[in-house]
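2 protein chains.
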Amino acid sequence: MPHPTEPDGDAPTRLAVSTVIFALRPDRSGHPVLWTPLVRRTREPQLGLWALPGGWLPPAEELEAAAARTLRLTTGLAPTYLEQLYTFGEVDRSPGVRVVSVVYWALVQSDEAARATAGPNVRWVPADTLPGLAFDHNRIIEYALWRLRTKVEYSQIAHAFLGETFTLAELREVVEAVLQRPLDPANFRRTMLASGRLRETGERLAGARNRPPKLYRYDSTALAGANPDPTVRTESLRERPAS
Amino acid sequence: MPHPTEPDGDAPTRLAVSTVIFALRPDRSGHPVLWTPLVRRTREPQLGLWALPGGWLPPAEELEAAAARTLRLTTGLAPTYLEQLYTFGEVDRSPGVRVVSVVYWALVQSDEAARATAGPNVRWVPADTLPGLAFDHNRIIEYALWRLRTKVEYSQIAHAFLGETFTLAELREVVEAVLQRPLDPANFRRTMLASGRLRETGERLAGARNRPPKLYRYDSTALAGANPDPTVRTESLRERPAS
Numbered sequence: 124m125p126h127p128t129e130p131d132g133d134a135p136t137r138l139a140v141s142t143v144i145f146a147l148r149p150d151r152s153g154h155p156v157l158w159t160p161l162v163r164r165t166r167e168p169q170l171g172l173w174a175l176p177g178g179w180l181p182p183a184e185e186l187e188a189a190a191a192r193t194l195r196l197t198t199g200l201a202p203t204y205l206e207q208l209y210t211f212g213e214v215d216r217s218p219g220v221r222v223v224s225v226v227y228w229a230l231v232q233s234d235e236a237a238r239a240t241a242g243p244n245v246r247w248v249p250a251d252t253l254p255g256l257a258f259d260h261n262r263i264i265e266y267a268l269w270r271l272r273t274k275v276e277y278s279q280i281a282h283a284f285l286g287e288t289f290t291l292a293e294l295r296e297v298v299e300a301v302l303q304r305p306l307d308p309a310n311f312r313r314t315m316l317a318s319g320r321l322r323e324t325g326e327r328l329a330g331a332r333n334r335p336p337k338l339y340r341y342d343s344t345a346l347a348g349a350n351p352d353p354t355v356r357t358e359s360l361r362e363r364p365a366s
Numbered sequence: 124m125p126h127p128t129e130p131d132g133d134a135p136t137r138l139a140v141s142t143v144i145f146a147l148r149p150d151r152s153g154h155p156v157l158w159t160p161l162v163r164r165t166r167e168p169q170l171g172l173w174a175l176p177g178g179w180l181p182p183a184e185e186l187e188a189a190a191a192r193t194l195r196l197t198t199g200l201a202p203t204y205l206e207q208l209y210t211f212g213e214v215d216r217s218p219g220v221r222v223v224s225v226v227y228w229a230l231v232q233s234d235e236a237a238r239a240t241a242g243p244n245v246r247w248v249p250a251d252t253l254p255g256l257a258f259d260h261n262r263i264i265e266y267a268l269w270r271l272r273t274k275v276e277y278s279q280i281a282h283a284f285l286g287e288t289f290t291l292a293e294l295r296e297v298v299e300a301v302l303q304r305p306l307d308p309a310n311f312r313r314t315m316l317a318s319g320r321l322r323e324t325g326e327r328l329a330g331a332r333n334r335p336p337k338l339y340r341y342d343s344t345a346l347a348g349a350n351p352d353p354t355v356r357t358e359s360l361r362e363r364p365a366s
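Protein chains in written order, with this note's numbering: chain D, 124 to 366; chain S, 124 to 366.
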């Protein structure tokens, strides 16, 4: 890496951060689906279009801190973890100036989602039926959905969306919402119990009549010792420590 | 040329690309271990230290193209795929100016590794016994090793290091080298055959006497249709299509 003198000819490439947040909320027919918050652009370029929460990276602010700050500022959301998802840097993704965006993501529970700012410039939309967004933000959300559906362990998704403990029926409902298809309850139960990532809490769901279902928690201990690196924290969508 | 010792609040943050390459090569005792190529810095800052291949991102060059070009320029290596690994952007990771590095990685076969430039400024080192490198490059390689050891399917690793077809013994040797521990052959064989990701080629290893072992190939078809997004190409360490 040579030491910089002046930017190479043209305008310097600029760095931005953006954040994809997913929450499970009911659709019109009451079934839980994935929703994501968008922010209306109040400046050019692409004034008036909906976009991911985000902003420029200040020179003295860490990437994740900038993502958290701009998310909080635009939407009021402050999830416990933000994970780095991917860096999008196509030359022509923003008009006029090259912008490289480091994108973070988080899955949030309904209580966190309820904290979001209400107002004309913040809107939650179902993640699978997006309007046309600013820049390449449709593609970014599609990529995040693909990662969620193919890379993340089901029991971790449930932990992120539901919290510390959950029943197998709640877990299946979450996975059905993420995958957008019904699952066979008996097969699902067998697969999840065989996964080695669920632990019985010894408790049962309160308030249920007859045979209240068992409560489970996500167990990440099998992997907890495997990571020698501080960036494990940024991998917590997959490696979230049991809290 | 003088350069500031503290980041200048007005200086624009600069973008760089770096690349981590892993190849399997014998150590002194003849056992295969992971090696990575390093490049000696010929300029300040950190003149003379060993570093990952890389360089600045030009305004009109795509991220992956810049990673491939700087890798080729410094080491002569030109792997088929480069995958985006992670973006490292800590405020103080480089003296004088804020540098955000988008890091790519690849696993290469021995024929590709043999193409590397020979000379005093390029050196292959065992990835688990690194010298002190420039910037945060030790941490980057440790993170890449951790990802390799925890995130990538074994049959994909074998495909990347060994090529199209391989025996179960070759596959086990690769996985033992990556994990740095011996594996029980019978258990390994059972687990791999049950994984659903290996297909018999119908052929057997040439040149072996008595019962030549079967040749397998990595089968990614189960996941090939799952990705709606062009960035799948950048995920090919996990989703590499059978070539």
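Treat the hints with caution; some may be incorrect.
Note that the list lumps identical chains together, so a pair holds whenever it fits in one copy or between two copies.
[To be verified] Once the Cα atoms are required to be at most 25 Å apart in a straight line, the calculated SDA-like pairs of lysine to any residue come out as:
1. LYS274 with ALA236
2. LYS337 with PRO254
3. LYS274 with PRO182
4. LYS337 with GLU167
5. LYS337 with THR290
6. LYS337 with ARG322
7. LYS337 with TRP269
8. LYS337 with THR252
9. LYS274 with ARG327
10. LYS274 with PRO335
11. LYS337 with ARG262
12. LYS337 with ALA201
13. LYS274 with ASP259
14. LYS337 with LEU285
15. LYS274 with ALA134
16. LYS337 with GLY178
17. LYS274 with ARG163
18. LYS337 with VAL222
19. LYS337 with GLN169
20. LYS337 with GLY171
21. LYS337 with VAL220
22. LYS274 with GLY242
23. LYS337 with GLU187
Honestly, the hints are just simulated from the structure, not real lab data. All values reported here derive from a predicted model rather than from experimental measurement.
Now for the hints, and whether the structure bears them out:
no. : hint               : result
1   : LYS274 with ALA236 : within (23 Å within a copy, 30 Å between copies)
2   : LYS337 with PRO254 : neither (40 Å within a copy, 52 Å between copies)
3   : LYS274 with PRO182 : neither (32 Å within a copy, 32 Å between copies)
4   : LYS337 with GLU167 : neither (53 Å within a copy, 62 Å between copies)
5   : LYS337 with THR290 : within (6 Å within a copy, 45 Å between copies)
6   : LYS337 with ARG322 : within (10 Å within a copy, 40 Å between copies)
7   : LYS337 with TRP269 : neither (31 Å within a copy, 35 Å between copies)
8   : LYS337 with THR252 : neither (35 Å within a copy, 48 Å between copies)
9   : LYS274 with ARG327 : neither (30 Å within a copy, 34 Å between copies)
10  : LYS274 with PRO335 : neither (32 Å within a copy, 37 Å between copies)
11  : LYS337 with ARG262 : neither (39 Å within a copy, 42 Å between copies)
12  : LYS337 with ALA201 : neither (31 Å within a copy, 54 Å between copies)
13  : LYS274 with ASP259 : within (22 Å within a copy, 27 Å between copies)
14  : LYS337 with LEU285 : within (15 Å within a copy, 47 Å between copies)
15  : LYS274 with ALA134 : neither (37 Å within a copy, 38 Å between copies)
16  : LYS337 with GLY178 : neither (44 Å within a copy, 55 Å between copies)
17  : LYS274 with ARG163 : neither (30 Å within a copy, 36 Å between copies)
18  : LYS337 with VAL222 : neither (49 Å within a copy, 50 Å between copies)
19  : LYS337 with GLN169 : neither (50 Å within a copy, 58 Å between copies)
20  : LYS337 with GLY171 : neither (48 Å within a copy, 61 Å between copies)
21  : LYS337 with VAL220 : neither (55 Å within a copy, 55 Å between copies)
22  : LYS274 with GLY242 : neither (34 Å within a copy, 41 Å between copies)
23  : LYS337 with GLU187 : neither (37 Å within a copy, 48 Å between copies)
This entry does not satisfy hints 2, 3, 4, 7, 8, 9, 10, 11, 12, 15, 16, 17, 18, 19, 20, 21, 22, 23, going by the numbered hints stated previously.
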